[in-house]
Each structure stands twice: as structure tokens, then as C-alpha cells.
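Could you put together the complete structure from these sequences and hints?
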Amino acid sequence: MAKQYWLYWMFIGATMVLMASVATAQTGSIRGTVVDASTGAGIVGATIRVATLGNGRVVAGAITNQNGRYHIDDIPAGSYSIEYSSIGFATDRTDSVRIVDGAQIAERIELDEQEVGLGSVVVSASRKTERALDAPASVWVADRRRIDQTAAITPADHLRGVAGVDMAQKGVMQTEVVARGFSNVFSGSLLTLADGRTTGVPSLRANIPYLIPVVNDDIERLELVRGPGSALFGPNAANGVLNIVTRSPFASQGTSLQLSAGSNELFHGEVRHADVIGERFGFKISGQYMRALDWPFIDSVEVSERATAIANGEHADTLRIGKRDPVSERFGGEARMDFLVGDNGSITLSGGFNQAARAIDLTSLGAAQAVDWRYSYFSARTDIGRFMLQGFFNASDAGETYLLRSGNRIVDRSQQIGARAQHASVIKDIADLTYGADLTLTRPNTDSTITGRNETNDDINEIGAYLQSESRFFDDRLSLVLAGRIDHHNRIEDLVFSPRAALAYKPDVGQQVRLTYNQAYSTPTTNDLFLDLVASSNPFGFPDPYAIGLRVSGMPLTGYQFRRDEAGLYFRSPFARGQDIPVAATASL
1 MAKQYWLYWM FIGATMVLMA SVATAQTGSI RGTVVDASTG AGIVGATIRV ATLGNGRVVA
61 GAITNQNGRY HIDDIPAGSY SIEYSSIGFA TDRTDSVRIV DGAQIAERIE LDEQEVGLGS
121 VVVSASRKTE RALDAPASVW VADRRRIDQT AAITPADHLR GVAGVDMAQK GVMQTEVVAR
181 GFSNVFSGSL LTLADGRTTG VPSLRANIPY LIPVVNDDIE RLELVRGPGS ALFGPNAANG
241 VLNIVTRSPF ASQGTSLQLS AGSNELFHGE VRHADVIGER FGFKISGQYM RALDWPFIDS
301 VEVSERATAI ANGEHADTLR IGKRDPVSER FGGEARMDFL VGDNGSITLS GGFNQAARAI
361 DLTSLGAAQA VDWRYSYFSA RTDIGRFMLQ GFFNASDAGE TYLLRSGNRI VDRSQQIGAR
421 AQHASVIKDI ADLTYGADLT LTRPNTDSTI TGRNETNDDI NEIGAYLQSE SRFFDDRLSL
481 VLAGRIDHHN RIEDLVFSPR AALAYKPDVG QQVRLTYNQA YSTPTTNDLF LDLVASSNPF
541 GFPDPYAIGL RVSGMPLTGY QFRRDEAGLY FRSPFARGQD IPVAATASL
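Residue numbering for the sequence shown follows this note's numbering, beginning at 1 and increasing consecutively.
Rather than coming from a laboratory, the hints here were simulated on the basis of the structure. The reader is advised that the hints may include incorrect statements.
[As the list claims (entries may be wrong)] The following label-pair restraints were derived from C-beta to C-beta distances: (1) E455 - G262: 39 to 47 Å; (2) D101 - F378: 13 to 21 Å; (3) L259 - E493: 53 to 61 Å; (4) Y517 - E110: 36 to 44 Å; (5) E493 - P326: 41 to 49 Å; (6) G269 - D166: 41 to 49 Å.
Since this is a predicted model, take the numbers as computed values, not measurements. Cβ atoms here follow ideal geometry from the backbone N, Cα and C, with glycine treated the same way.
Here is the structure:
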């Protein structure tokens, strides 16, 4: 155990040394602006690559900010070609650019619009910007055009028909989405992010798409990485990663209104407005409302439990067991502010909420009637060159939600705090490095309605660090990606190491052959460890006072054990609650 912690801190120490390294060779710099040739407006997120003239080796790069500007420092003196690319624009290149020690070159590049093809840019595959075809993983991208052509009431609707993705429709707006199989209710196996922030309900670690506050018109693109992603994204990315990338207010100014209607009395409305004040401040706000009549369903268990409760004297009007609301209804809003800092930096503040006023969703204990279940978040992020720092806060409030089979209230006021830092650098003629660390603190708060007797001992802390190296050979036709990550979970005794290796070869333009290896893992959820609630008050139908409740509980790290103190085995009887009764001396185990 001590050795594992020693390796852990050695790994983090090496990462910090890399983050602090500074090149000492003779260098120059390039700054400039990339604009749309037809409008003159700056292009957000354009990629700039500086490559040597001899072998085409990329030595530096940058991404334009919200005003289309970029700044690249510490470029070794010499002659280079500079490539400019962006989604929806033709790639441009400037050859024979001479970098002189201490000098600064200014460039203004105009890009012409072009149809989007296989060169879509993604970030999620390697936690850096690259073309989807160059990514060392199986990547699917939904660009702005596809999003505009899809009638969707949740972000998950854009994944219908995607290879490797399973979708289960649970209601008008309720869906379960998983990649690589293993579908179940309240699934969180597909790590879902919105601009790098986790979107799952904190205490459940469940993906509930209708609680994600992003409106359809605010989505820039969807990136789906199929396959293990723990080496970069940490625990719970074993089945893949879905990243929802939203639009910058600098690149999407104006007001939009979307209204849709359909069968089952469906109405869905969204509004979005984005604007810029001056040259360095942009903002956007959005809101949505949805209402529909859900498909009817009769649960025989609910009917039986309700009849039993009424027979025992419960009032039908106030009894929650089996009391279903056929309407699904939700509303929410989101706001974001962007500040430009210097020539190559930005600060982004965002927050939002989505509230399920009425909805029926499935749980492992039957259906639940959601009543005013609210999910909210706040996020702050800064990007300076190739350095990124982000912090976020997620919160859940279950409102008046209850289980339909038992009528028991579900109280969930859980919170999650997260932070992550990332930096990238280049070791000349050797490798492109991406490294960072992140922290996640989950704080369940259920008033003992979900975690029961474990309510005061259910906090989860997770911390990890990662390092990825990418090297290219033979005029960038062959690439080797090596990555590793170490994570610590306060409820798991051992550290976990997640390796990754990928060898990719491009025989021709538009072609790639990959050989990859990944090892990923998922940590136990709050329910796996701490669940403790009554699933049914009297499943066997015994009359009082002989009724026996059926209790559901999580698996503690120590497992289930017989008590062996006081020289004997003990068991608990529902007829002698609170007492441990010794087993006969002849009993054995």
C-alpha cells in the first residue's frame, strides 16, 4: 500500500515538473487573427499548426479565441509552414515563414467557407483539438448542420441511430443512453460532459438527459468517443465519453426561437439570445419549456400495494402509492458570460438549471413520480494558451418526488464539486504532451430516504492525474500515443492505474488504420455502497404485527459478515427488532 502511494506521488511530481518546464532555446513568436473571408468576422476555435519545412514536424500550435486571435510563443528560430484550419472553412497554409530570435511576426488570415466533411474537429478523444480522422479512437461527431436537421427535445435524441449506442425510450422525454451495451435504469456508464463539466445527478451518478439545461440551438457539436477513456477522463469512462460542446456568444450572435408540437399533446419551445458588448465581453441566455401526455402504463405491483394500503385504512386521495401523473413537464434556463483576456486568454462563467415539474421515471425499485426535481450547476473556466483551469458545482433537489410502489418520499439535496487543470507542451522533435489533474467531491444528502443508516458516512472523494504523449513519424503518417492515469478513491483501498496505447497509420488521405489498447474501470456509485431503504413495506402480505418489510441495501467495502463477537454467531429477527439473537451452539458456518 505504501509503495502504491509512493508511485502515485512520484507520478504527480513528474507531471508538475513537466508543467513547469520552460524552453531555453533561441525563440520567436507569432500573433495574428483568423477571419471569415466573406464577413471579416473573427473565427472562433480555428487551429494553427506550425511545422518544419523539411519533414513537416509540428513544433507548435494554438487555437483562436472568441475574437479570432491567437498568440504562439517560444517557437525555435528557423523556417516553417503555418497551417490554418477550422470547421466549415477551407484549410489555408503559409509557407517559408522565417522565425528570428526575439522577433514577432503578425499574420492576418482569411478562410473561405467550405462544406464540412471527414475533417471535423474533436477535443474529447485526446483532450486536445484534432481532426476526427486523426483521433486515436473511434469518434462520432454531430456538427451544427446535423443538429439543425434533428428534431430533439433532449441532447440525447441526437444519438439515435449512431453505431455502438443503445437507446431505450422510457417515456416521451425519458431515455436511457449507453455505449457498448450494459444498459440499465439510471445508467451512468456513458460519461456525459457539457463543456467539460459532468452532467450526471451527483448522488446517483445517473445520466438524466431531460435534466440537462442545454437547448438545441446552443449546441455547437456533440463528440462521442466509443470505448474506454479512463486514461484521460478518469473513473467511470469505461464505456465511452459524450461531450456536449456549446456555442460561444462571440460566434453565434442573435436571437433564435424554436417551437415544436406533436402527438400526445406535445409542445416544446426554446429561446436563445447571444450578444457582444465591445470587443472583449460576450453573453448568452437561453430557456426552454416542454409538456406532453406520456404513454399510459399499469404496474400490477402498484395496484396491489395501493389496494392493500386502502384496505388498511389509508385515504385514497392522499395515498401516494400508485398515484401516477400522466403529464411530463419540464422547464429550465441557462446563462453564460465570456471575457477575453490579453491576446490568447479567456474567462467563461456559466450557470443554469432544469426542473422536471412532472415526470415518471424508472428506478431499480420500480417507477418514481418526479415532482419538481431540479438540477442546477455553476461553472467557471479560464483558458490561457494551452493551459486550462475549470471548477464547477452541481446540485440536485428532488422536490416532492416519491416511489410509486411504496409511496416513500425521495429526498435528494446532493451536491458535487469538481476542479480540473490541464496543460500541453511540445518536446521538440520528440512528442506532444498533454497532462493534468482533476478532483471530484460528491456529497450525498438524502435525509436517510436513500442512504438510510449510512447518511452520515457517505461522502466520496476522488482525485487523479494523467499524462499523454503523442509522437509522429514518417511525415506524420504514423503516430504513437501513450497515456497513463492514476486515481485515488477514498472508499477504495488501492490506487488505480489506467494505461492507454495507440498506434495509428494513415496510408492515404482520408484513411487510417488503428491498433489500440485501453484499460478502464468504474468506481462504485453512492447506491452501490450506501443504499439503505425499504423497497416494500409488506411484500409477503402478513397481517400486523407480523408484517415484514423488504429492505434494499448497498454492499459495504467489507462485504456482509456474521457477527462473531462474544464467542458466537448472531442473527436479527423482525419480531425482536434491535436485538441480536445468538444462534444455537451447534450451528456452524
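Hint-by-hint comparison with the structure:
1. E455 - G262: 39 to 47 Å: 43 Å, holds
2. D101 - F378: 13 to 21 Å: 45 Å, violated
3. L259 - E493: 53 to 61 Å: 54 Å, holds
4. Y517 - E110: 36 to 44 Å: 43 Å, holds
5. E493 - P326: 41 to 49 Å: Holds, since E493 and P326 (Cβ atoms, about 48 Å apart) stay within the stated range.
6. G269 - D166: 41 to 49 Å: 29 Å Cβ-Cβ, so the 41 to 49 Å window is violated.
Of the numbered hints given earlier, the model fails hints 2, 6; all others are met.
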